[in-house]
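J.: Sequence:
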Amino acid sequence: MMTTEKSDLAWMDMKTNTLDIVIGPIETYEDQLFGNKAAHEGYVLIKDQAWSKKLEKFSSFLPELQQGLPVDAKYKKETPGTDSDLNAYDVVFYAGDCNAGSKTIAINLPNDEEVQLKKGTETLAAKKCDAG
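Going by UniProt numbering, the residue at position 91 of the sequence shown is 91; the numbering climbs one at a time, nothing skipped.
In short, the hints are calculated from the structure, not lab data. Certain hints may be false.
To be verified - Simulated restraints, written as ranges between beta carbons of each label pair:
#, residue 1, residue 2, range
1, A50, T82, 20 to 26 angstroms
2, V71, G42, 30 to 36 angstroms
3, G81, A39, 25 to 31 angstroms
4, G24, G81, 41 to 47 angstroms
5, N17, G96, 17 to 23 angstroms
6, L117, P70, 19 to 25 angstroms
7, T79, A10, 18 to 24 angstroms
8, V71, T16, 33 to 39 angstroms
9, N111, N17, 16 to 22 angstroms
10, V71, I23, 31 to 37 angstroms
11, T82, K54, 33 to 39 angstroms
12, E56, T3, 25 to 31 angstroms
13, D31, D90, 28 to 34 angstroms
14, G96, I46, 32 to 38 angstroms
Quick reminder that beta carbons are idealized off the backbone N, C-alpha and C, glycines included.
Given the sequences, and given the hints that come with them, work out the whole structure.
T.: This is the structure:
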């Protein structure tokens, strides 16, 4: 059985895909009591390869930017994984919690802090949203 962590790590290794699908219990914003229960949502996104290529250079600056933040050094102890990505997408489908209310302009995943430390994060920036 594949765990969420294994799934997140495998997803972070996908670099050349044009189609990206995000489905599952992702965000916990709706649980205003403890913030533990995640609401289900789904996205279907098509990567804009040309724009994503332009954004590549910014990912390499993330560790340097973190060190330059104007916060106490104790908050800079954890260094996120260096395999972070920033890509541009056309969103063609929203479902579930992400389809309620206004649409998000970016998705930053995975939410698992252990995966973030091992691999980093992927920011899926929506440049065009044709979904309703």
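J.: Now, for every hint given, state plainly whether the structure supports it.
T.: Here is what the structure says about each hint:
The given range of 20 to 26 angstroms is respected by A50 and T82, whose C-beta atoms sit roughly 24 angstroms from each other. The hinted range of 30 to 36 angstroms is satisfied by V71 and G42, whose Cβ atoms lie roughly 35 angstroms apart. For G81 paired with A39, a C-beta distance near 26 angstroms keeps the hint of 25 to 31 angstroms intact. The given range of 41 to 47 angstroms is broken by G24 and G81, whose C-beta atoms sit roughly 21 angstroms from each other.
Taking 17 to 23 angstroms as the suggested C-beta distance range, the pair N17 and G96 conforms, at roughly 22 angstroms. Roughly 23 angstroms separates the CB atoms of L117 and P70, a value that falls within the hinted 19 to 25 angstroms. One distance hint, 18 to 24 angstroms for the beta-carbon pair T79 and A10, holds here, with the actual separation near 22 angstroms. A beta carbon spacing of about 35 angstroms between V71 and T16 agrees with the range 33 to 39 angstroms that was offered as a hint.
A hinted range of 16 to 22 angstroms holds for the C-beta pair N111 and N17, which are about 20 angstroms apart. For V71 and I23, the hinted distance range of 31 to 37 angstroms is satisfied, since their beta carbons lie about 35 angstroms from each other. One distance hint, 33 to 39 angstroms for the beta-carbon pair T82 and K54, is violated here, with the actual separation near 20 angstroms. Against the hinted window of 25 to 31 angstroms, the Cβ-Cβ separation of E56 and T3 comes to about 30 angstroms, which satisfies the hint.
Remark: the range hint 28 to 34 angstroms for D31 to D90 is upheld by a beta-carbon distance near 30 angstroms. The hinted window of 32 to 38 angstroms between G96 and I46 is violated, with their beta carbons roughly 19 angstroms apart.
Comparing the model with each numbered hint stated earlier shows that hints 4, 11 and 14 do not hold.
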